Amino acid sequence: MVRIIFSVIIMLFFLQADGTEIICRYCNLSLPFHGCLLDGGTCRVDPGQYCKVEYHEQGGVEWFSVKGCTTPKEICHSKRIISNTIHLTQCCYQDMCNI
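Residues in the sequence shown are numbered from 0 upward in steps of one, following numbering that gives the first Met the number 0.
Calculated directly from the structure, the hints in this document are not laboratory data. None of the values given here were measured: they were computed from a predicted structure. Misleading hints may appear alongside valid ones.
Unchecked claim - Heads up, simulated EDC-like pairs for lysine to aspartate or glutamate below, C-alpha to C-alpha not over 16 Å straight-line:
(1) Lys78 x Glu61
(2) Lys78 x Glu56
(3) Lys72 x Asp45
Based on the sequences and whatever the hints tell you, model everything.
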């Protein structure tokens with residue numbers, strides 16, 4: 000665990016030399032109380048994109064979340080209801096802000 004944190008810090012130091020790139024956490028499946036099960040590492044945002052966390056809730060209970068970078072046309076801070084399931088998307092624009 001310490002090696003992972005240390006490597007992320009070094010990676011952020013070298014990639015952020017000019018201060019223009021934002022790095023986000025990328026996880027295809029994160030469960031409450033279990034953390035990330037399908038880890039994808041990190042992703043970099045392009046201009047006009049953000050880090051995102053997409054929550055999937057049903058009956059007031061969060062079932063899982065997906066973390067990563069937004070696509071160029073994706074809408075941040077949106078709430079969609081699809082067949083009794085709520086999809087809530089939240090965005091942020093700082094390094095690793097979607098952990």
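Results for each hint:
Between lysine 78 and glutamate 61 the CA atoms are separated by roughly 14 Å; this keeps the pair inside 16 Å, and the hint holds. Only pairs whose Cα atoms come within 16 Å are accepted, and lysine 78 paired with glutamate 56 is accepted, the gap being roughly 11 Å. Between lysine 72 and aspartate 45 the CA atoms are separated by roughly 12 Å; this keeps the pair inside 16 Å, and the hint holds.
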